[in-house]
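Q: Protein sequences, first through last, are from chains A and B.
Start counting the first sequence at 7; every next residue gets the next number (my numbering).
Start counting the second sequence at 28; every next residue gets the next number (my numbering).
Some hints here could point you the wrong way.
Unchecked claim - Among chain B residues calculated to face chain A with C-beta under 10 Å, some are:
#, residue
1, G145
2, I146
3, N230
4, L236
5, D420
6, E564
7, S576
8, G618
9, M657
These aren't lab readings, by the way, just hints derived from the structure by calculation.
Cβ coordinates follow ideal geometry from the N, Cα and C atoms, glycine included.
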Amino acid sequence: MSRFALFLATTATIVVTGPAAAQSMQGMNMPGMTMPAKQPAAKAKPSAKSKRAPAHRATPAKRSTAPMDGMKGMDHSAMPGMQLPPSGQQPAQGAPQPMQGMDHSAMPGMSMPAGQQGHDMNGMSGMNGMAMPGMAQTGTALPAGDAPAPAPPMDHYADRMFAPAEMAKARSDMMFEQGGQPFHQVMFNLAEYQARQGRDGYRWDGEAWFGGDINRLWLKSEGEGAFREGIESAEVQALYSRAVGPYFNLQGGVRQDLGPSPKRTYATVGFEGLAPYMFEVEGALFLSTKGDLLGRLEGYYDQRITQRLVLQPRVEFNLAAQDVRENGIGRGLTDAELGLRLRYEIRRQFAPYVGVSYLAQTGRTADFTRAQGKDPTTTSFVAGVRVWF
Amino acid sequence: MSRIIDRRQMLRGAALAGGGLALSAYMPAWAQTNSTGLATPLPTVTGNDITLRIARQTMMIDGRPSKAIGINGTVPAPLIRLREGQNVRLNVINDLDEDSSIHWHGLLVPPQYDGVPGISFPGIKARSSFLYEFPLKQNGTYWYHSHSGLQEQLGHYGPIVIDPADADPVQFDREHVIVLSDHSQISPAAIFRYMKVNPGYFNYQQQTLAGLLAGKDQTLKERMDWGKMRMSPTDISDATGPAYTYLVNGHGPRDNWTALFTPGQRVRLRIINASSMTTFNVRIPGLRLTIVQADGQNVMPVEVDEFQIGVAETYDAIVTPTDNRAYTLVGEAIDRSGLARATLAPHAGMAAEVPALRPRPLASMKDMGMDMSSMAGMDGMDMAGGGMTRGVDPTAEKNPSARLTTPGAGMATGAMAQGGSAMPGMDHGGMDHGAMAAGGMAGMDHGAIGSQQGGMGAMDMGSMKMRDFSKAPQVKKGPGVQTISPMPMDRTDYPGQGLEDVGHKVLVYRDLMSLTPNPDVRAPSRSLDIHLTGNMERFMWSFDGEKMSDVHEPIPFLEGERVRINLINDTMMGHPIHIHGHFFELVTGHGDHAPRKHTVIVQPGGKVTWDLTADAVGDWAFHCHLLYHMHAGMMRTVSVRPRGEAA
Numbered sequence: 007m008s009r010f011a012l013f014l015a016t017t018a019t020i021v022v023t024g025p026a027a028a029q030s031m032q033g034m035n036m037p038g039m040t041m042p043a044k045q046p047a048a049k050a051k052p053s054a055k056s057k058r059a060p061a062h063r064a065t066p067a068k069r070s071t072a073p074m075d076g077m078k079g080m081d082h083s084a085m086p087g088m089q090l091p092p093s094g095q096q097p098a099q100g101a102p103q104p105m106q107g108m109d110h111s112a113m114p115g116m117s118m119p120a121g122q123q124g125h126d127m128n129g130m131s132g133m134n135g136m137a138m139p140g141m142a143q144t145g146t147a148l149p150a151g152d153a154p155a156p157a158p159p160m161d162h163y164a165d166r167m168f169a170p171a172e173m174a175k176a177r178s179d180m181m182f183e184q185g186g187q188p189f190h191q192v193m194f195n196l197a198e199y200q201a202r203q204g205r206d207g208y209r210w211d212g213e214a215w216f217g218g219d220i221n222r223l224w225l226k227s228e229g230e231g232a233f234r235e236g237i238e239s240a241e242v243q244a245l246y247s248r249a250v251g252p253y254f255n256l257q258g259g260v261r262q263d264l265g266p267s268p269k270r271t272y273a274t275v276g277f278e279g280l281a282p283y284m285f286e287v288e289g290a291l292f293l294s295t296k297g298d299l300l301g302r303l304e305g306y307y308d309q310r311i312t313q314r315l316v317l318q319p320r321v322e323f324n325l326a327a328q329d330v331r332e333n334g335i336g337r338g339l340t341d342a343e344l345g346l347r348l349r350y351e352i353r354r355q356f357a358p359y360v361g362v363s364y365l366a367q368t369g370r371t372a373d374f375t376r377a378q379g380k381d382p383t384t385t386s387f388v389a390g391v392r393v394w395f
Numbered sequence: 028m029s030r031i032i033d034r035r036q037m038l039r040g041a042a043l044a045g046g047g048l049a050l051s052a053y054m055p056a057w058a059q060t061n062s063t064g065l066a067t068p069l070p071t072v073t074g075n076d077i078t079l080r081i082a083r084q085t086m087m088i089d090g091r092p093s094k095a096i097g098i099n100g101t102v103p104a105p106l107i108r109l110r111e112g113q114n115v116r117l118n119v120i121n122d123l124d125e126d127s128s129i130h131w132h133g134l135l136v137p138p139q140y141d142g143v144p145g146i147s148f149p150g151i152k153a154r155s156s157f158l159y160e161f162p163l164k165q166n167g168t169y170w171y172h173s174h175s176g177l178q179e180q181l182g183h184y185g186p187i188v189i190d191p192a193d194a195d196p197v198q199f200d201r202e203h204v205i206v207l208s209d210h211s212q213i214s215p216a217a218i219f220r221y222m223k224v225n226p227g228y229f230n231y232q233q234q235t236l237a238g239l240l241a242g243k244d245q246t247l248k249e250r251m252d253w254g255k256m257r258m259s260p261t262d263i264s265d266a267t268g269p270a271y272t273y274l275v276n277g278h279g280p281r282d283n284w285t286a287l288f289t290p291g292q293r294v295r296l297r298i299i300n301a302s303s304m305t306t307f308n309v310r311i312p313g314l315r316l317t318i319v320q321a322d323g324q325n326v327m328p329v330e331v332d333e334f335q336i337g338v339a340e341t342y343d344a345i346v347t348p349t350d351n352r353a354y355t356l357v358g359e360a361i362d363r364s365g366l367a368r369a370t371l372a373p374h375a376g377m378a379a380e381v382p383a384l385r386p387r388p389l390a391s392m393k394d395m396g397m398d399m400s401s402m403a404g405m406d407g408m409d410m411a412g413g414g415m416t417r418g419v420d421p422t423a424e425k426n427p428s429a430r431l432t433t434p435g436a437g438m439a440t441g442a443m444a445q446g447g448s449a450m451p452g453m454d455h456g457g458m459d460h461g462a463m464a465a466g467g468m469a470g471m472d473h474g475a476i477g478s479q480q481g482g483m484g485a486m487d488m489g490s491m492k493m494r495d496f497s498k499a500p501q502v503k504k505g506p507g508v509q510t511i512s513p514m515p516m517d518r519t520d521y522p523g524q525g526l527e528d529v530g531h532k533v534l535v536y537r538d539l540m541s542l543t544p545n546p547d548v549r550a551p552s553r554s555l556d557i558h559l560t561g562n563m564e565r566f567m568w569s570f571d572g573e574k575m576s577d578v579h580e581p582i583p584f585l586e587g588e589r590v591r592i593n594l595i596n597d598t599m600m601g602h603p604i605h606i607h608g609h610f611f612e613l614v615t616g617h618g619d620h621a622p623r624k625h626t627v628i629v630q631p632g633g634k635v636t637w638d639l640t641a642d643a644v645g646d647w648a649f650h651c652h653l654l655y656h657m658h659a660g661m662m663r664t665v666s667v668r669p670r671g672e673a674a
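So that you can see chain B by itself, here it is in the shape it has in the complex:
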């Protein structure tokens, strides 16, 4: 397999060399790109009257044609650039042979223009059009996408930037919109069916006997404990690297989409995760990222080296590259099965080293909502479960993007195989310092953990009930609920699975503070628990044990009501939860400067609390933004009604 790819690479190199470029097969993999660097900005539409045409098309990803649904002939769809305070009319023409729709993710629009078929409007019928018209009451970075079927997976998504009516508090010399996404050669319907039939279908990083014998991942005792619970700690994400090529602005890692800068410039990166299923860990080795906006809302600047971005979240980051060299923007899939790659460079055609994919994390007991810190001697558990101490299964597979990551040819899958022998990539030059540091730490702590594993092993996992409905009385009992988190913790101080010990600063939600005071600082008049429930074995996903397709009532709110919502994750997977028509304030200890968001990741086994002012009358969608989780039923309608009108 690797041989074939190498030949392809050489052919590609040869073809480019034939084109008069100084590329050769001797260049490191990361430098052998398809192009001289696609420094072209995204196509942009602007003004008061905009026409968007949804149609099937072919897109080229890393030199391969792929079926897609685009808008105005492009994937991602064109950047819609507007100004706060203007009115916009968007005439959306559906050239598909099926219904379609556009939801303006994060925009506060009248409910009939929110774009969710069956909730806000009937949808846009095949070969017809729909006129959206609304005023822009906000500014910032947002995006838009289909809310019909699984079209989003095929490319039906694009960025929105709304410039502020007044001076922008964020200073920058130049900006780039970075749309991260995942694209598959497999049809979305097939992806969904494969996961329904076999939830581990795309997971080629499972624990194996080879890994056990090599002393990697969990110990035999831990594997037995997890097996007894019928849980797999490698369930980090379900549709993942083997299914996907990870894209930046519609381009594959080998396409090397390039953002230009002049050294010394303050460059604003508007990063949007428009994926269907991929949580990315984003970093630019060599540059610090100053986060200035989250979900379109300005935040007090926070300097980080890396951040996790859930599906549908957006972050604006300022970078100030001073050196006259290229930098790699890496969007590593949460399970490290592949990466999205772009380059920041002073000139097109430059490339920087692509850091090796770090070891894939393993879920820990915390991810099952068990607070290990409350148990004596359990402190080492998380690390032990983190898969950082013993290395990763030598047979774990990554997607082809891994071949870009280390200088030299012949890496292919062998790179991952070797990865298990130590910290993956440790003995390769392509390793970044952060991962090295993690390796060092893991080594340091190893002894301590070893000594504590006895304690953990001694614990009877069965003694902590995995499915105790008394912990969640509102959850409907049924086959769709595999577990109930016995001790869900607020994990907004947690950087994300596999980011605990990367050796540099990773953004956590608690770092975020609104730049301006929150518009509504009343105390919530009531609170509401919503459980995120699922069964990984059946690929069933729901809220409170009920799927969207089940008979259920909407979640009711009164207009103007302020309500505290506790999202409790009873599953072992993170879920990016999105509410339409509203922003909410995260309850993370910042009083009236709480960060305002439209989407928030609820970490596995964890809890996120936010306050919501239900100020937009109408029916609104509320769902997990992992496309196939929503499609499996993890969705509800939220209704907001004027006080007197309520039934």
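Looking at chain A on its own, in the form it has when it is part of the complex:
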């Protein structure tokens, strides 16, 4: 009922825009409806409320207005015939538009319980809304109700027209395609020649991943060597990586050391991601099969000098919880590496660079190295290519 009142209120406001504020309902031919000829404009306000509050529908008739006894027999099909006076918004080109296409049969809540007879016409006072200037209370100007949302259907509509098995396949393909596909990347952030005092060498630091947005398989590898002497140190890691936030991935897996030093195997857990201020950071703990615990922190920042020229300061710290004598590692901060590399992105995938790298062993690690008669610090001028595919 109140919805019906609401409808009338909306049509009324179409009328409102016309200048004749005191218009009667004579222009509307609604069979079966008896309208009060005129109502004081002052009663306009409750109508706005009634739109919001369906509870009003149960209000017993206090002010007795003409009961809508014809409600049940109301001929909705006749309603499109209502000729509405042109509103202010009517197009100049067109004649006044009837309320065409208005599907009354689809109006929810139109079914009237029998007990609705003698319903309070308060809701109808919206008709007097004509007196409220400038209120275009119809269509999209109306506030939304708070009806509950329906339950989602359990079926797929297209299954009615096409073979359900075929649709199921198409549906799973489509869903997988929109957001489910795996991707991959192989990237060497560092792949470089290192010019050092005495013995030139090489260095790499790369990673490869495969997987979806959340779960990925990562491979990481880094190492260095000297020409003629071969690989000095090298490691590979195989990690399961899971996105744990918008910027960070948690990673766990194994690390295997290769090269001349004892070939240790570690269990590893770590993280990598984008820190505030756009720093790429990475950290990991490594627990060897012998019970040694190592740690590593890495970070770099890509400073664009131009669209293609990028300066990358980079730091790496290695830590140990104990001495690992056979690897020459001492407890505490074992080494720190500072790098500064300037690359030019010919393509995003291919960027040659030059730079400088300074590696300093510290504390007991440095002592072990000195004891071997070697220099615990190394300065390298580097040239390489940052590449991904």
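Given the structure of chain A, go ahead and fit chain B onto it with the hints provided.
A: Leaving out everything else, chain B in the frame of chain A:
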């Protein structure tokens, strides 16, 4: 690089001169086109029985061959011209070695003919065909495209015009269909992967140290604030100029597709944005555009100088060129990394100056859903963030279309580089008046903004939470949600990023009013919030934090139900949101004359409200029409069921 191009241009000029044409290398770049002006109309199919054949082909763009998927041998696909009230049978033959489909964008058709594999039908298998058959219950400008994989990017799109059964309320003497699109030499799969791996892959207009030192773009303080938030204000669009050549009716800017007119004629332009990823800002310097239709629905005429057209939107505009001269139609990519160009001229072979690409905009705090107007002293912020005040990074790169924009040779990338030195193009003759005006304004306001930047800097960005899920309880928490707009505003009065101060009238959604009263003027019985969510760092896109590929339920509606939908953009990028099988009425203060649309741009950090009458029973696709956003998961199924049938 520019030298090579110049030589190419000269060769091209020489070749044309050899063909007996009076072109030479001395002519301005915009006049050196590949052709004498392709004044040929689009191939057209019509009638009750239409055959469309989807196949791989090569297309020529600015003299270069490019791989494509076309229909009946053309890209765009042929214009399908029909009449309201007729029935049409469309036999679609798929000659590809993969599944394909055609979705009739904006047409109200039975659900089994809507053309979305996995939702409306199983798709059209490789080397097979499918018969679509439906009555036409509407008229206007629409389009059609593949809904399979990334085929749309390769050229699988075409225009539809349905003539009204009765007299057309729009008066015109002549019409042209203008299909705007973006085409790449890079395969769509590679484009998608590059953005997944490196979301800034195609952005060559980032902020740099060179720009900072030159006093361009954001100040150091602002850059620090944005860096702290891990956001880039240059994220205006993701697949952009460096990836694309922008096309008009399948032709590149140098091809100079030409629409003919006789001076004094009322010319109706049916403009369709069939791009995969490009929001265009469309204008014709020297002509006012009277918008008479949006998304195939007649609107009360609105006169504008420019309008932003989101992917999949259509606008019909009337222009009345009175002078016997050529005009340039410019479709500028939203991030100003390139443009689509066509010419309106009395004769083929004419060309007009192509206005310079205007400075690329920068996202502002408003684009992150922060209502700065509510904070004292913050008014200048938007401008400051708009990148209009300090000029653009001198190293920003544009695509080759920029070379057409200013008279004289040797512009190339240097033009953009110089652009940063002032307002780009300010010292060049090719600058259009609108942009000049913007420059003037920027200059005027500069002092005021400078004085307010202190206030902004003093604000702790962290104090306004960027990812407060209590603001959006329905959004699923996860790595795919980078931000939640803390104060999303209705931005339907906003012309679009970079169009705030162009010095002339730009269409806003609130200007649009339906020509006729809306068919359903009931109040919505309920309302529904849908959050547009994403993570630019991972190139993840979703609704309410859930991708299409995630396990989720459809968005349910009851037949005949009228529902108010609030689209809340929690991302810093605009999204053109499209619902299949329905039109909706934008809630923009026009009561029963709300504009009816099938696609609407939800501006960054903003909100759009529309009322939907769910009158088409079936399952329907609902998605962001940026192809790679949809492909990344920004899609849902909407289900409409009769009342008694609902589970």
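Q: Run through the hints listed earlier and report the numbers of any the structure violates, in increasing order.
A: none
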